[in-house]
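**Student:** If you number the sequence shown the way this note's numbering does, the last residue is 887 and the count never jumps.
Possibly wrong hints are sitting among the right ones.
What the hints assert, rightly or not - DSS-like mimics (lysine-lysine), calculated; alpha carbons at most 30 Å apart, straight line:
(1) K848 to K883
(2) K844 to K858
(3) K883 to K858
(4) K829 to K779
(5) K782 to K883
I should point out that these hints are in silico values taken from the structure, not numbers from a laboratory.
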Amino acid sequence: DIFRGNDSCADVLHVGHYYIGIFYAPQTIDIDNVLDTMGILNATIDILDIKFKKIMPMSLSCIMAADFGEVMHSMDLASYESWQGTPINNVIALCNEVYSKGSDYDGATLITESIKINLKEEFANFFDKKWSSTECPIKSYIAYVINTVMHNWIKQNRT
Numbered sequence: 729d730i731f732r733g734n735d736s737c738a739d740v741l742h743v744g745h746y747y748i749g750i751f752y753a754p755q756t757i758d759i760d761n762v763l764d765t766m767g768i769l770n771a772t773i774d775i776l777d778i779k780f781k782k783i784m785p786m787s788l789s790c791i792m793a794a795d796f797g798e799v800m801h802s803m804d805l806a807s808y809e810s811w812q813g814t815p816i817n818n819v820i821a822l823c824n825e826v827y828s829k830g831s832d833y834d835g836a837t838l839i840t841e842s843i844k845i846n847l848k849e850e851f852a853n854f855f856d857k858k859w860s861s862t863e864c865p866i867k868s869y870i871a872y873v874i875n876t877v878m879h880n881w882i883k884q885n886r887t
């Protein structure tokens, strides 16, 4: 499980057609590692897309978003274990909006301002394009993030 491969991963939620990773990331290095995990997820989706296209007429893609802030873990407020908080609502709203725009944004990764200011400069520089959201008032940026080592392997083994 790619989410759980990051030691900061506290939980993984399945909400509608989204998977949400909850990460304990109190320091900048932890936020950098979350972005690295997102790059690995994108590369993995590329690999699966290549494999599935060989056996059936379908395409796999993903849209990812990240926000930073406090979330609440509760088992007492509902009859099931739940996570709640503004960052979760923000990533769902951003993914919903990008998803509704169609396949032009397949593989996109969005981050909020609170993530960007906490990334090391090398990673923050990837996110130089602002996302003009019409549905979510939070300032965000878009880029296409992928794990380079995995992506190069994909390109070499595409046949």
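**Student:** The structure should be examined with respect to each hint, and the outcome stated for every one.
**Tutor:** How the hints compare with the structure:
1. K848 to K883: holds (27 Å)
2. K844 to K858: Roughly 11 Å between the alpha carbons, so the hint for K844 and K858 holds.
3. K883 to K858: Within the cut-off at roughly 29 Å; holds.
4. K829 to K779: holds (26 Å)
5. K782 to K883: Given pair K782, K883 holds - Cα atoms ~15 Å apart, limit 30 Å.
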